[in-house]
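> If you're matching positions, the sequence shown starts at 267 in the working numbering and goes up one per residue.
One should not assume that every hint holds.
In silico lysine-lysine, DSSO-like type, Cα no more than 30 Å apart, as pairs [claimed, not checked]:
#, residue 1, residue 2
1, K323, K1367
2, K1084, K1001
3, K1259, K1334
4, K1343, K1194
5, K1084, K860
6, K1334, K346
7, K323, K1334
8, K928, K1343
9, K471, K323
10, K1343, K1001
11, K1001, K928
12, K641, K535
13, K860, K928
These are calculated hints, taken from the structure and not from any lab test.
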Amino acid sequence: MPDAATAVLTKPPAAPAVTPNDFRTARLIALLAGLLGALFALATPFLPVTQTTAVLKWPQSGTLGNVQAPLMSQVPIDLKATIPCETIAQLPERGGMLLATAPPQGDRAALEAMFVRVSESSVDVIDRNAVVVSADRSRMGECTSLTISSDSERTYAAFAGLTKQVERPVEGAAPGTTELVTVPVEGQLGGDLRPQVVGVFSDLKGAAPAGLSFDMTVDTRFSSSPTAIKLIAMISAVLCTLIALAALARLDSSDGRGHRRFLPANWLKPTWADGAVIGTLLLWHFAGANTSDDGYILSMVRVAPHAGYMANYFRWYGVPEAPFGWYYYVIQVFSEISTASPWVRLPALACAILCWLVISREVVPRLGRGVRTSKVALWTGGLVFLAFWLPFDNGLRSEPVVALGALLTWVSIERAIATGRLLPAAVAILVAAFTLAAAPTGLMCVAALLAGIRPMVRIVVRKHRHFAALGAGRWGSTLPLLAPIAAAGVLVLTVVYSDQTFAGIQEANRVRQVTGPNLAWYEDYLRYYYLFVETVDGSLSRRFAFLVMLLCLFTTMLVLLRRRQVPGIASGPTWRLMGVVFGTIFFMMFNPTKWTHHFGAYAGIAGSLAAVTAVAVSASALRARKNRAIFLAGLLFVLAIAFSGINGYWYVSSFGVPWFDKRISLHGYQSNTVMLMLFGLALALVGWYTLREDYTAPQPSAKTARGRRIRRFAAIPLTVVAALMVALEVLSLVKGAVSQYPAYSLARSNFDALGGSTCGLANDVLVEPDPNGGRLAPIIDPAHPPTDPADPLAGVDPVGFAPNGVPNDLSADSVEVKPGTGNTSTQSVGAAFAEGQSAGTGGGQGALGVNGSTVALPFGLDPATTPILGSYQNGVQQPANVTSSWYGLPARSADRPLVVISAAGRILSFDDTGAMKYGQSLTVDYGKHLPDGSVQKLGTYLPRDIGPFPSWRNLRVPLDEIAPEADAVRIVANDPILIGDQWLAFTPPRMPKLQTLNSLLGSQQPILLDWAVGLQFPCQRPFDHENGVAEVPGYRILPDRPLAISSTNTWQAEEFGGPLGFSQMLAKSVTVPTYLKDDWARDWGSLERYDQYDRNAVPAKLETGTTTRSGFWSPGSLRVF
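Kindly generate the complete structure, drawing on both the sequences and the hints.
This is the structure we're talking about:
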């Protein structure tokens, strides 16, 4: 046995020579399996599917009852109707509705639906407000039937057997020569004028007469499932791709080296940085802000199992999310277990933790020895990663998986380059393809692939030459290497088109493009413009994250350009990392929408870039003091711009957060101004160092103790600033939760969910189901009886107040919609103004009331028992004042926490931020009812008023904020201002019995949850849709008014294929009074009840079947105008 010295000097035995036969089988398998896998995947979109067909036939069950069938596509593929003319005689002489596809009083029904109307003198077929054909009612005895048909080509109607004489020119005769000819009574509208259908309605009653029919083909093109052949092809594609990748792994081993282990040593060993980053992510998961589309996505995934596919649901006529959106199916799996917010957001938390593990274990070591060994670099990367992740990615949107996918793609490419192997490259392409299929922002993975394409080509060429030298031939040495990679790249098609066809997805893309928003690539500047608008989408935290990434990008790039090779930094991987950022900026131009939330995809790459920047700055800092000052100045400038944004978060996430609607300031000093002044001082320092540069001693060597300290801590400003920003974000939300308690906050709701209370905001919103049930009895003071005993609201000698002192138009003040606000229907430069108010609060005339008022009352208040007084006067305004009679309060109880006054006009109040809203005085006196019948006044309270002016709303007096012994209240109103818009009106105080929204609505009935609120109401069931027909919701839950009128009302509107197109066509909306428990001045949102125009209409029964459709089949274009 040789000794140690001999063993060291002895050469290792030579590896056995590689022969052509060694890898022939692997090459053949890689080639065949790769090509077959690619072909099977490419064939998937075009292979047949089994489509569920649906036809609505009416009358149903032999009777003429009305049916509801709101179509997700709004219009059918085609419809045909036949009405015997003899049935017209069944209608009264004044006429009626013979047939309609919507209730005539429905919103936009006249513009969108079809009506067959009978008047005293005529029978008219009207489609989309255009007359198709008309005939005299007196001649109906001459016709046999009225036939109607409508498809994408034309809409046609004819009275069979009925003719008329028309005068027309004689062909070939002299000009002006005419003749009378007999023609059928028929009409036609050319083009696609198919009517919107929300049901079938008729004034005819009783048994269905013979010959009456209405047949409609529902558009169910997206209700499909894979056929057996398509399923076999998809499974074959997966298996062949896996086999091809295994063969590629075998071919990689032709260099005689073994495969690197998947997870390097110490990969799972925890560090202090892991504890800080993952701990912050866990805290933010429960206390942190959510993202804008969480409710949107949760509603989609909850409805998808019933619908059979993942429809967009809130817009675009019910088209599927494909080709993007497989990630939502992951969330769907979680939602089928529980819809609680902390649970359904676990995939995002998992992505965050994996991103950090990849950054710290894979990316940082790859960027060079200096980055790998620097704790400052690691902490800086982690903190910048957190600064990006917290404001962008704590929700259900797809940016978290894109951020992870981009990191994995870059890491896989780097492993391929480092090892000279193609299997990691194939994995990179596979990950990139699936990331792109998750969201359009997945194009950043293409940037990662392009950044590494040159070294990858070298690897392919080297292996090609290697196998060619073994006699494999020109193509036999190349195609086996590329076929598995191609199969990996197209395998994602089996997921994208698993249950949809090529033609169906093409139509879905067309609908989204036509409906919009769909901006051109050259309009991508809007995305960056929106980042600098004072909205939540341009908030302080979002600005800082993106701008600090740009600072790191350009700092590192300039250092590398100047010094070429920086000690401790691997130039190749660093340049490729920066290439991902530049490539992503380019590819993001082609996204059809330009929202700032897309920046969340940068989170992983930004953290990685920050780590290498920490080393680049320390290396450059050794050259000159001014370099440190320049970087500090850049960082302060980033802070100055970032702090010019508000400290806002989306919807309920902002509850209680300091400065949620304004820039941060302390004692009147604006934070952005302070940062700008510090930036100026840093610039002065740069100038000072520049002037002294030639006269000072050179910087100490990196080998000295001082040089090592400078190198280690030069990047500390970035680290500290990132840490402070993360702390500011976390503490802002924690402070919000603390200040809100015991009222609703996101953190309290999430922690409640851990204890089993998973219904979120629905447990804190209190509803007044019966506004007429809380009336207070007036107290008649014997010493001061009311002037009119029948009207105690007017009190003694009212001045200027009258029962009809309310203008007809109570439209609420418009709201400024700043550009870039998420999910507004249009994207543009400059502010817009949105108008709207809660249903039923916009004024008008109603029934004669108890005190002679004809003002339309809101909230379902009964005019027979509810008087009104108002100070509005026609002509010249006069001063007005009134003090009502006292009203007795019943015994206090937990379910009666408020005294409520329905009021309109402009009333002095203070909002939930303490800001004064100017108006006229309306206060509530509270007192103690004495034995002699009088009332002793104990104090005065200014009611809480959430607005908006001047529409009807409910003023609130929390009983726990007035004297506990008070048992009477009265209203004191004063309007001395003579300006026309300064008036006020009110109804008597009431003390309603409240119940939670969750107990009122339950979890079974269908609800229209606006896209912004779904995550906050996880126990309420969003209305389902199946086979192209939607359920009819009984209620609608809206967010706060500014968000509702600027975003949800418009995004979900009829003209964009949203659910408001049928819900408001079928029913009248009535606002139900609601209040946020223990946060009475908060505009949390609103609840609307849908009172159906036809309460007797029932859901239609569809005749369904199945048929096989090829991947190219299409029933025609959806009607999108």
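> Can you list which hints this structure breaks, lowest number first?
Result: no hint breaks.
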